[in-house]
Structure formats: structure tokens, C-alpha cells
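Novice: All residue numbers for the sequence shown refer to the working numbering, where the first residue is 1 and numbers rise by one.
Just so you know, the hints here were simulated from the structure itself, not pulled from any lab data. The C-beta atom is built at its ideal place from N, Cα and C for all residues, glycine as well. Any given hint could be a false lead.
Label-pair restraints from in silico Cβ distances [to be verified]: (1) Thr-464 / Arg-165: 45 to 51 Å; (2) Glu-460 / Asp-140: 50 to 56 Å; (3) Ala-506 / Ala-371: 31 to 37 Å; (4) Gly-470 / Ala-272: 24 to 30 Å; (5) Val-362 / Glu-507: 37 to 43 Å; (6) Val-133 / Lys-86: 34 to 40 Å; (7) Ala-136 / Ala-185: 24 to 30 Å; (8) Glu-507 / Ala-139: 24 to 30 Å; (9) Gly-468 / Ala-380: 18 to 24 Å; (10) Ala-153 / Ala-227: 20 to 26 Å; (11) Lys-86 / Arg-57: 16 to 22 Å; (12) Ala-371 / Gly-36: 45 to 51 Å; (13) Gly-292 / Gly-470: 41 to 47 Å; (14) Val-133 / Glu-212: 29 to 35 Å.
The calculated EDC-like cross-link candidates involving lysine to aspartate or glutamate, where the alpha carbons are at most 16 Å apart (straight line), are [unchecked claim]: (15) Lys-183 / Asp-499; (16) Lys-183 / Glu-196; (17) Lys-427 / Asp-515; (18) Lys-427 / Asp-487; (19) Lys-427 / Asp-442; (20) Lys-183 / Asp-487; (21) Lys-183 / Asp-442; (22) Lys-183 / Glu-507.
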Amino acid sequence: MRQLAAPLALLLAGASLPALVAAAPAVAIAEVQGRGAQSPLLGRTVQIEGVVTLAFRDARGGVFVQSLLPDADPASAEGLFLLPAKGQPALQPGQHLRATGRVVESGGGASLTSLAAARIEVLGRAALPEAQVLHAPPADWEALEGMRVRVAAPLTVSGNHTLQRFGEVELAFGGRLFTPTEKVAPGAAARQRLAENRARRLLLDDARADPEPATIDWLPEPLSDAAPLRAGSVLHGVSGVVDERFGRHRLQAERPVQRIEQAPRPPVPEVAGDLRIVGMNLLNLFNGDGRGGGFPTARGARNAEAWQRQLAKHVAAIRALDPDLLALQEVENDGSGPDSAIGQLAAALNAAQPAARWAVVVPPDRPGGDAIAVGLLYRADRLEALGRPALRLGRPFDWGNRPPLAMSFRSPGGTPFTVVSLHFKSKGGCEDADPANRDQGDGQGCFNPMRVTANRALAEWIATDPTGSGAEAVALIGDFNAYAQEDPIRLLRDAGWLDAFAAVPAERQYSFVFDGQAGRLDHALINPAMAARLRGAAKWHNNSDESAAFGYDGSHGRRATASPWRASDHDPLLIGIDSR
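With these hints in hand, go ahead and build the complete structure from the sequences.
Specialist: Structure (C-alpha cells):
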């Protein structure tokens, strides 16, 4: 039998805490941290001394301690995370302690240098070390791990997707972040931009291990319609302790942010032209069996009450935009009748607008086998449908890429035009990708070849005038699941299709926020005949910049069912054209 390590042998023999402490070698926290991502003392039992700077606010958390006096090496951090052993005293900031434990790397897949099963001896009180002041992102967060910092620079909210669930928010030095391939070409340029984005970002967390916090303590005031903490808001006076867990560095807040400049909710955009066309991703609009039952379904609302809230939000957004025509994505693929999701959306719009006569474009066949489909709704009191509805079935729209739906229209006395609603394969679900469709590391994610093939087939199909209307002007509207500089969009631009948003300032073109980066997956690409009639284009950022707390099933959305805010996770796009 191997000889037990001295500290463990003493513990098993019933030795007292002072005996255990005396048996473990005393080292400086900086020596435990070392100069690299992992501790040079990994696996060893050591004794450290420091002051508690931050304690997690729930039972499953630990505490951070920091050296009372720093060493002379700025590359080795002066902080450490402690996971106390069972039965140890509750710890609070300002306590001077001696701790003995085994050096581990924790953090849920990250490399947070920690002492596990730490035995604690409280020595008294001590002043907290001065916080390191940051005016810009540090060259290496690792050198600050476990240490108090204060950010003197303004930080912009770049993403708030996990605000409600985990009490955390994506922040960025120097303004909000944009998805690399929204701005630059895939490949080396996108990889470089991604590295720059990662260097600028910082996640502010709430020092809790449990999800769904009732309050977010670092907010100076609770979330509300007056203070929604939209992306684009600016935080001043952020301070906390540098942590590393779940794959990245973050700042665990030690006190509320000093001040927040709330990004205002934008008014409904105005565009010129006498016809308004809107594209909307409806975030899985599913209505159960259409008669109040059948919940939960494959996607979307979990019950009838949530469905009604979701429906009310979409009606509020659509009424505000006042379109003549809607190109829709992520509608339940359950037909077009009175019990269908799209049929009940049309009925709800008609009920809310007595002067309107919304009609569903009924596809000639079932639009594929996916749970979701695209759709078209139009104001029959303003537009006349021409030709026949056309649906592109078969490869490459038999899996992943949803079959696109086309229909032609004209206003009384107007010139015909065709609109296609489309929704192509997302970048997720990589486990289902064949080798050609796997992520190539160029910034375009998985299934890029599938989206390229879909766009090529789409252009070829539209050239055949599938509606039989003879309309020359065409708009392709929907969720391409490709950013502006990616291969699928460049293919169509190279083929002569034009970006309806080319004249819109770049900082307002985005429609989606993912991983704290803004970009546009939703596009309106038009041919030259439609471009001659285009009079304006805008995105209404009522969705992507909003926290999920304001969604139909979020903590605030449940109280404001008729609000258009966070009706979806994609922003609607609006184009204005001349009817003639």
C-alpha cells in the first residue's frame, strides 16, 4: 500500500486543523497561480493566506481570496478561488484567513485555479486590496484571475441573451460587437476579426451559481420597460472579481453598476413608397391543435396561454409596421386553414384591424416535412394576388432548407411584382453535418455548402417565372441564415441581385444577435426591376436588442402580452416600393 500524502494521512488519523495546516507547505497565492493558464502546483495540497474579496451569493458557490501584499511579478495573478470543505464557516468579504486545500483547475470546462475541499482558519479582518483599474481590455485576463478590478472605461451591452436565465450580460470595450462575416470576408479576415472581438468582450456575471435569479444584484434598478437594458446600452462604473468558468473569463460583480445609459427603444421606422413589404421570423409560431389544446407542441409556446401572449405580441408588431404584405418564417407547418397557426394569425390581425382583410397565400402542396414552414400573408383590401402560388420542392429543399414560397401581386392600377418567402438551413445542428458541411473554421459555421446550393437553386427557379404572372420585379425575403459577406449572399449579389439595405447605415442593418455579436441573417435581395421601384428600407430593432425577459414567456413578457418588444429573436425588415 502506498504511503498517504502527509496532510491526508494526518486528517484520516484525526489530526486537528492546526496540525493539518502545519503539515501543508505555505505558499503565496501568486505561486499557486503561476504564469500560465494552469497552476504549476496542480494536484498538490498547499496552504495560502489572503483576504476574502467576494463570496458567491448561494449555497453552491465558493469565495475568492486575494493576497494582502502583491508580489513583484505582474504576470502571476494574486487571486484564487476557494471551494471550502463541508462544515467550514460561512465566509464574507474582508475576512483574513488561512486556507489549506488541493490545487485544482475548476470552472466547468475553463481553467479557474482553485483550492478544493479547503479547510479554513479565520484569522481576523483585513482591508480589501485596491482594485486594479482598467481603461482598456487587458492583454491577458489570466494575469488578473481572482483579482479585484474596476473598469474605468464605458462598456457597451453587446448581448443580453442570458440576462434573465443566468444574470449575466455581454459587454464590450469600444462599442458593440458585430459578427465577423457581417463585415469581412470568410477566412483569414474573419478569424482576425473574431480574435479582435474576443479581446474586447467581457461577461458581467451576478456571482450566483443558481439559474433564474429573482433579482440581478448588479443592476442599479430592476429590469422594466423604462430600463430594459437593451443591447447598445452603456454601463459606467463596473467592478468585480475576475473569474474564469464555462469556457471564458468573466467579471463577478461585487456591487451594482454605478450608472447605465439605457439604449432607447426605437420608434417604428418610416419608409417612402406606397406599398410596404415586411419580412418577419416569428420564432416558432405554433398553436397546438388550433382549438386551445394540443400543447406542448414540437416548438414554440408551452400552453394555450403562452400561445395567446405570443400571438398578441406579433399582432402588436405587425399593426405598428402597417404592411401590405408579410413574408413570414418559422410558422408551424400545419396547413393554412382556420385551425392552422398562420390562419389564426390572419384572423387575429383581421379582428384587430376591422378595416383590413388579411388573406393567406395557400401553397399548392405541403411545404416539406419540417415542423416549420414559410408563409405569405397579404392585405386583400389593398393587393390583388396574380398567377398561382408556387412552392419549390425537392432537393436542396427536402431537408434543412425549407421550401421557398412565391406569389405575385399588384395594387389596383399597379404593376405586378413577385415576393418569395424563404428560410434556409441554420448554422446549428453540426452533429448532423457530412464532412463537406462541417464547420470549416472560416466564420461561416456549419452547412454553408447547403445554403450556397439553396441560393443557386432559388435563383434558377425564380428565373422560370414560377407564379406564371409575368412580373418582372422580384424580392427574395427571409432568413437566409447567412451573414452579409458569406458565400450564399455573395453568390446572389454576383448573379445580379441587389441588397435592398445597401443605402442603410451599416450600424443599423443588423437583425440578429448571437454570442454577443450583431449581424443580419435576414435579407431582402431584389432584382434590378424591383430596385427601380425601391424607395426605402429599414430594420425595426424591436426584438434582437431586447432581453428574453420581455419575450412572451419571459418574466416581463407575461405581464405585457400586447407589447411588440421581443416578439421574436429576429428583427423584422421593412421595404417601401412604388406600386407602379
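Novice: Each hint needs a verdict: does it hold in this structure or not?
Specialist: Evaluation of the provided hints:
For Thr-464 and Arg-165, the hinted distance range of 45 to 51 Å is satisfied, since their beta carbons lie about 47 Å from each other. The hinted range of 50 to 56 Å is satisfied by Glu-460 and Asp-140, whose Cβ atoms lie roughly 51 Å apart. Checked against the given bound of 31 to 37 Å, the beta carbons of Ala-506 and Ala-371, roughly 35 Å apart, stay inside it. A hinted range of 24 to 30 Å for the beta carbons of Gly-470 and Ala-272 is consistent with their spacing of about 26 Å.
For the hinted restraint 37 to 43 Å between Val-362 and Glu-507, the CB-CB distance of approximately 40 Å keeps it satisfied. The hinted range of 34 to 40 Å is satisfied by Val-133 and Lys-86, whose Cβ atoms lie roughly 38 Å apart. Look at Ala-136 against Ala-185: about 28 Å separates their beta carbons, and that is inside 24 to 30 Å. Checked against the given bound of 24 to 30 Å, the beta carbons of Glu-507 and Ala-139, roughly 28 Å apart, stay inside it.
For the pair Gly-468 and Ala-380, the supplied restraint of 18 to 24 Å holds, since their beta-carbon distance comes to about 20 Å. For the hinted restraint 20 to 26 Å between Ala-153 and Ala-227, the CB-CB distance of approximately 22 Å keeps it satisfied. Against the hinted window of 16 to 22 Å, the Cβ-Cβ separation of Lys-86 and Arg-57 comes to about 19 Å, which satisfies the hint. For Ala-371 and Gly-36, the Cβ-Cβ distance of about 47 Å falls inside the hinted range of 45 to 51 Å, so the restraint holds.
A hinted range of 41 to 47 Å for the beta carbons of Gly-292 and Gly-470 is consistent with their spacing of about 44 Å. With their beta carbons about 33 Å apart, Val-133 and Glu-212 fall inside the hinted range of 29 to 35 Å. Pair hint Lys-183 plus Asp-499 holds up; C-alpha atoms about 14 Å apart against a cutoff of 16 Å. With a C-alpha separation of about 13 Å, the suggested pair Lys-183 and Glu-196 falls inside the 16 Å cut-off, and the hint holds.
Distance hint between Lys-427 and Asp-515 is fulfilled; the C-alpha atoms sit about 13 Å from each other, no more than 16 Å. The straight-line distance between the Cα atoms of Lys-427 and Asp-487 is roughly 13 Å, inside the 16 Å bound, and the hint therefore holds. Simply put, Lys-427 and Asp-442 have alpha-carbon atoms about 13 Å apart, close enough for the 16 Å limit, and the pair holds. Restraint check: the Cα-Cα separation between Lys-183 and Asp-487 comes to about 13 Å, which is no more than 16 Å; the hinted pair holds.
Of the pairs offered as hints, the one joining Lys-183 and Asp-442 holds, with about 13 Å between alpha carbons and a cut-off of 16 Å not exceeded. Taken as a hint, the Lys-183 and Glu-507 pair is honoured in the structure, with Cα atoms around 10 Å apart against an allowance of 16 Å.
Checked against the numbered hints listed earlier, the structure breaks none of them; every hint is satisfied.
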